[in-house]
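K.L.:
Sequence:
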Amino acid sequence: MTDDFIADTLYATPDEVKLKYENGDLYITGFWGKVKHQFKFNHVHSFRVTQERKTLKMQSEIENYGAGFMLVNDGDIDLYDWLNAQNYGYLDGLKLYKYLLVSCDETLEIVSGFKMEIIS
7 MTDDFIADTL
17 YATPDEVKLK
27 YENGDLYITG
37 FWGKVKHQFK
47 FNHVHSFRVT
57 QERKTLKMQS
67 EIENYGAGFM
77 LVNDGDIDLY
87 DWLNAQNYGY
97 LDGLKLYKYL
107 LVSCDETLEI
117 VSGFKMEIIS
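To convert, count from 1 in the sequence shown and add 6; that's the working numbering.
Everything labelled a hint here was simulated from the structure, so no lab data went into it. Mixed in with the good hints, there may be bad ones.
Each computed PhoX-like pair below joins lysine-lysine, with the alpha-carbon atoms no more than 20 Å apart [what the hints assert, rightly or not]: (1) Lys-101 x Lys-42; (2) Lys-101 x Lys-46; (3) Lys-46 x Lys-26; (4) Lys-24 x Lys-46; (5) Lys-121 x Lys-104; (6) Lys-24 x Lys-42; (7) Lys-26 x Lys-121; (8) Lys-101 x Lys-26; (9) Lys-121 x Lys-101; (10) Lys-40 x Lys-24; (11) Lys-26 x Lys-42; (12) Lys-46 x Lys-104.
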């Protein structure tokens, strides 16, 4: 499956997500009604889960907020800014992937070393 799959199929907000963190990798299972897809984020530097209704400022600042999965730019997610500050700007020299997932109930921010894999 390709990035086009994400753009076309997963543009809608999932009804529910389940998380599993194991050996530095994050697995997310998203449910869209009866449809289920699983994703793997390799070499996760950090991730944060926040109740969606507690991210009003973020919602107003990010274009297409709530579009399901989004690959975002530096500075678009607070987690990346915080993590980079904690590392004295060291992340600026790394190729990292920043993802934002909005479900009906949560906002997930993910910073990983590799592109997201679609498992199923």
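K.L.:
Which constraints among the numbered hints does this structure fail? Numbers only, ascending.
P.N.:
Failing hints, ascending: 1 and 8.
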